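Q: So you can see what is in the structure, the chains are spelled out below.
Number of protein chains: 2
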Amino acid sequence: MEHPENSEQYKGLKVNKGISGVPTVNPYLKRRLQRREYTAPEFVGGILQGNITILSQAVTLVESSRPEHQQLAQEIIEKCLPYAGKSVRIGITGVPGAGKSTSIDAFGMYLISKGRKLAVLAIDPSSERSKGSILGDKTRMEELAREKNAFIRPSPSAGSLGGVARKTRETIVLCEAAGFDAVFVETVGVGQSETAVHSMVDFFLLIQLAGTGDELQGIKRGIMEMADGIIINKADGDNVEKARLAASQFRSALHLFPPADSGWTPKVLTYSGYYKLGIREIWDMVDEYVAFTRQNGYFSGRRNEQSKYWMYESINEILRNNFYNNPAVISMLKKAEQQVLNNEISSFVAAKHVTDSAAGLL
Amino acid sequence: MEHPENSEQYKGLKVNKGISGVPTVNPYLKRRLQRREYTAPEFVGGILQGNITILSQAVTLVESSRPEHQQLAQEIIEKCLPYAGKSVRIGITGVPGAGKSTSIDAFGMYLISKGRKLAVLAIDPSSERSKGSILGDKTRMEELAREKNAFIRPSPSAGSLGGVARKTRETIVLCEAAGFDAVFVETVGVGQSETAVHSMVDFFLLIQLAGTGDELQGIKRGIMEMADGIIINKADGDNVEKARLAASQFRSALHLFPPADSGWTPKVLTYSGYYKLGIREIWDMVDEYVAFTRQNGYFSGRRNEQSKYWMYESINEILRNNFYNNPAVISMLKKAEQQVLNNEISSFVAAKHVTDSAAGLL
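Chains as they are written, first to last, in my numbering: chain A, 1 to 362; chain B, 1001 to 1362.
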């Protein structure tokens, strides 16, 4: 479906791009915007026209836990879905210190120079709004933050990983409907969040540093095998040889891994985020991957699998929440855990006791 | 707690080991055994005395889906729990063709020569009793099958992975109570079952073959990073050099992995299951691991974590079964999946619809 920029329904929200490139809206709409009184079709109209302010407000609704916000958010998402799905979604992970922000800044500016529109999202279930989110923080991406074709949004505030992941996944839909054709989802390689990110992107990029040992300590086991590309940062100056050596070590290691379902052999490249060296090669790799997996049908097959995966993930999370948030269950679990650790009852009998007792209460 | 072989309660089941080493029971008990009329304390008595026939029957109860069998089984397990936990539990995986059976035969005979008692269990959720279980098949372990100090039990019949895993985990408890101080849990490295096995053992052993490429194709991604030891089979004759080369490649690759939570650095060894070369070194490695992790507290800490893990896994499986086995839910899910794939509703809204509608039905 094409963006219905000229359709009757959305005319009221027609935006004019000001001289700075920042979209402006007419004064009447601006007032309503400030009072956040948009209807779902108005939100959708603004999003489809690429209005960043309206997109931001819609994302805020997605992230809100208030029921009336949630209802409106779901209406907007549903109307945006037919226009979504056209971006390439890229997961980016790496331990703190690997240079993720500098790299994303460099990658993003390169894509924008090629005429692309980029959304940078993040998943960090540990972040709390009050303490300030770390991931996706605009101030760390100096160049991108000033770019009209970039939309940077920090990680949704603390909550269960499932909740945070859902919000990010729905934000992708809104960003795509707003015309962003590249989406980065950033995460730190230390927790459970990589699996969540891996399950919502097309390509998974692991940023590493040269050197064996210390630098790798933070990356969680299993993440290397998820990567479609491993890129060694800080390949500049005296560090070039070290980075090349590390790349060849990673390449040998990857040879020992079984091939991925995609049929793609992960590539290892060196680059410098700071000096912007080797950036083009990274995007050539991503383009090559997309072409390769589109041709063998993996790309769309995986997207469908991901949609189903998230439906079942959401169901399971709802079932778990209903159960584990029940105060009676919480106190039963505490007792059951202790009995299991004392070898008084088996794990299964404990589970059966708790679920049987809870059945009468829920 | 010591085995209460001489306690009053269990006297009725006193077994005599015949000249062949196969335990015999008195004629009265034999009749009851044939009619399977044991009470839970009688089962427990037989198990604690190491009576293999009674152990086998108890395992059959564990595997049975009949409610009265399940109730008896859980009573037996509960009474065996205080005597369990004293074995070293070893997960063994490798693709078909890697030589798992020959290797387990060789490993087992070595352990038995050292005075150990060995139980060989298996997890293969795809196996069906009617088609004949593949894993843990006695006929494939020629030497062990004739050994009185070995208890070989094929994978529980088909069912959900959670169900099969629970049965195997409970069988471990019974085997340990029966005095088996080494437990192998065998699996094939191609499915989801490795994670289940990894979550019930102390040491995870991956059998590989020399050569890059084809032989590795079957192993699932992520399994290599679970391994505490990688052992390269068929290091004999002309193949020795190739195996050594493969070992050194694996060693370099493992250097790039982050360290495991145990603090243990996985080792890579070569051996020949068929010619029984390098077997002692493999068990020296396992012993070293056990000593190392017992000292740093990881061994018992992990056992506790595993018990809790399986309690929560069991709860989640019960919750999922209650939900997904409901016919109304099944038909709702079918429709919801299609709507999600058609981009009509988001994965989350679909999940919410289904759970909301189901709430009134369950």
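Hints should not be assumed to be uniformly reliable.
Which residues of chain B face chain A? A partial, calculated answer using Cβ under 8 Å [to be verified]: (1) LEU1209; (2) ALA1210; (3) LEU1277; (4) ASP1284; (5) ASP1287; (6) VAL1290; (7) ASN1316.
Derived pair list, reagent style DSSO-like, types lysine-lysine, alpha-carbon separation capped at 30 Å [stated by the list, open to error]: (8) A:LYS86 / B:LYS1114; (9) B:LYS1276 / A:LYS352; (10) B:LYS1334 / A:LYS86; (11) B:LYS1086 / A:LYS335; (12) A:LYS79 / A:LYS308; (13) B:LYS1079 / A:LYS334; (14) A:LYS335 / A:LYS352; (15) A:LYS308 / A:LYS242; (16) A:LYS308 / A:LYS334; (17) A:LYS276 / A:LYS335; (18) A:LYS352 / B:LYS1334; (19) B:LYS1276 / B:LYS1086; (20) A:LYS352 / B:LYS1079; (21) A:LYS308 / B:LYS1335; (22) A:LYS242 / A:LYS148; (23) B:LYS1335 / B:LYS1352; (24) A:LYS335 / B:LYS1079; (25) A:LYS79 / B:LYS1276; (26) A:LYS352 / B:LYS1352; (27) B:LYS1242 / A:LYS242; (28) A:LYS352 / B:LYS1308; (29) B:LYS1079 / B:LYS1352; (30) B:LYS1242 / B:LYS1276; (31) A:LYS335 / B:LYS1308; (32) B:LYS1334 / B:LYS1242; (33) B:LYS1148 / B:LYS1114; (34) A:LYS334 / A:LYS352; (35) B:LYS1334 / A:LYS308; (36) A:LYS334 / B:LYS1114; (37) B:LYS1352 / A:LYS79; (38) B:LYS1334 / B:LYS1086; (39) A:LYS334 / B:LYS1086; (40) B:LYS1114 / B:LYS1086.
Calculated directly from the structure, the hints in this document are not laboratory data.
Since we're looking at a predicted model, the values are computed, not measured.
Note that beta-carbon positions come from the ideal geometry of N, C-alpha and C, so glycine has one too.
Q: Confirm or reject each hint.
A: Structure-based check of all given hints:
1. For B:LEU1209, the interface hint is violated, the least distance from its beta-carbon to any beta-carbon of chain A being 12 Å, above 8 Å.
2. About 12 Å separates the beta-carbon of B:ALA1210 from the nearest beta-carbon of chain A, more than 8 Å, and the hint is not met.
3. Hint status for B:LEU1277 relative to chain A: violated, with the closest Cβ pair at about 23 Å, above 8 Å.
4. This hint is violated: B:ASP1284 has a C-beta 25 Å from the nearest C-beta of chain A, more than the 8 Å allowed.
5. The interface hint given for B:ASP1287 is violated, since its Cβ lies 24 Å from the closest Cβ of chain A, which is over the 8 Å cut-off.
6. For the restraint placing B:VAL1290 at the interface with chain A, the shortest Cβ-Cβ distance is roughly 20 Å, beyond the 8 Å limit, so the hint is violated.
7. Using the Cβ-Cβ criterion of 8 Å, the hint placing B:ASN1316 at the interface with chain A is satisfied: the shortest such distance is roughly 7 Å.
8. Restraint check for A:LYS86 and B:LYS1114: the C-alpha separation of about 64 Å exceeds 30 Å, so the hint is violated.
9. For the hint pairing B:LYS1276 with A:LYS352, the CA-to-CA distance comes to about 45 Å; that exceeds 30 Å, so the pair is violated.
10. At roughly 26 Å between alpha-carbon atoms, B:LYS1334 and A:LYS86 fall within 30 Å of each other, so this suggested pair holds.
11. Of the supplied pair hints, the one linking B:LYS1086 and A:LYS335 holds, its CA atoms being roughly 25 Å apart against a limit of 30 Å.
12. For the given pair, A:LYS79 sits about 19 Å from A:LYS308 by alpha-carbon distance, which is consistent with the 30 Å threshold.
13. Our distance criterion of 30 Å between C-alpha atoms is met by B:LYS1079 and A:LYS334, whose separation comes to about 22 Å.
14. A threshold of 30 Å between alpha carbons decides the hint, and for A:LYS335 with A:LYS352 the separation of about 13 Å falls inside it, so the pair holds.
15. In summary, the hint linking A:LYS308 to A:LYS242 is not supported, as the alpha carbons are separated by about 43 Å, beyond the 30 Å threshold.
16. Proposed proximity of A:LYS308 and A:LYS334 is contradicted: the alpha carbons are some 34 Å apart, above 30 Å.
17. Our distance criterion of 30 Å between C-alpha atoms is broken by A:LYS276 and A:LYS335, whose separation comes to about 56 Å.
18. Of the pairs offered as hints, the one joining A:LYS352 and B:LYS1334 holds, with about 29 Å between alpha carbons and a cut-off of 30 Å not exceeded.
19. Taken as a hint, the B:LYS1276 and B:LYS1086 pair is honoured in the structure, with Cα atoms around 27 Å apart against an allowance of 30 Å.
20. Between A:LYS352 and B:LYS1079, the direct Cα distance comes to roughly 17 Å. Compliance with the 30 Å bound is thereby established for this hinted pair.
21. Our distance criterion of 30 Å between C-alpha atoms is met by A:LYS308 and B:LYS1335, whose separation comes to about 12 Å.
22. At roughly 37 Å between alpha-carbon atoms, A:LYS242 and A:LYS148 are farther apart than 30 Å, so this suggested pair is violated.
23. Restraint check for B:LYS1335 and B:LYS1352: the C-alpha separation of about 13 Å stays at or below 30 Å, so the hint holds.
24. Restraint check for A:LYS335 and B:LYS1079: satisfied, since their Cα atoms lie roughly 19 Å apart, inside the 30 Å limit.
25. Restraint check for A:LYS79 and B:LYS1276: not satisfied, since their Cα atoms lie roughly 66 Å apart, outside the 30 Å limit.
26. For the given pair, A:LYS352 sits about 26 Å from B:LYS1352 by alpha-carbon distance, which is consistent with the 30 Å threshold.
27. Note on B:LYS1242 and A:LYS242: the hinted pairing holds, with a Cα-Cα distance of about 29 Å set against a maximum of 30 Å.
28. Between A:LYS352 and B:LYS1308 the alpha-carbon distance is near 14 Å, which keeps this suggested pair within the 30 Å criterion.
29. For the hint linking B:LYS1079 to B:LYS1352, the alpha-carbon distance of about 43 Å lies beyond 30 Å, and the restraint is violated.
30. This hinted pair checks out: B:LYS1242 and B:LYS1276 have alpha carbons roughly 18 Å apart, not beyond 30 Å.
31. For the proposed pair A:LYS335 and B:LYS1308, the alpha carbon gap of about 12 Å is at most 30 Å, so the pair holds.
32. Proposed proximity of B:LYS1334 and B:LYS1242 is contradicted: the alpha carbons are some 51 Å apart, above 30 Å.
33. Among the hinted pairs, B:LYS1148 with B:LYS1114 is consistent with the structure: their alpha-carbon atoms are about 14 Å apart, no more than 30 Å.
34. Taking the CA atoms of A:LYS334 and A:LYS352, the gap is about 14 Å. The hint holds against a cut of 30 Å.
35. With a CA separation close to 11 Å, the supplied pair B:LYS1334 and A:LYS308 stays within the 30 Å bound.
36. Of the pairs offered as hints, the one joining A:LYS334 and B:LYS1114 is violated, with about 42 Å between alpha carbons and a cut-off of 30 Å exceeded.
37. The hinted pair formed by B:LYS1352 and A:LYS79 meets the criterion: a straight-line CA distance of about 17 Å does not exceed 30 Å.
38. For the given pair, B:LYS1334 sits about 47 Å from B:LYS1086 by alpha-carbon distance, which is inconsistent with the 30 Å threshold.
39. Restraint check for A:LYS334 and B:LYS1086: the C-alpha separation of about 26 Å stays at or below 30 Å, so the hint holds.
40. Taking the CA atoms of B:LYS1114 and B:LYS1086, the gap is near 17 Å; set against the 30 Å cutoff, the hint holds.
The structure fails to meet hints 1, 2, 3, 4, 5, 6, 8, 9, 15, 16, 17, 22, 25, 29, 32, 36, 38 from the earlier list, while all remaining hints are met.
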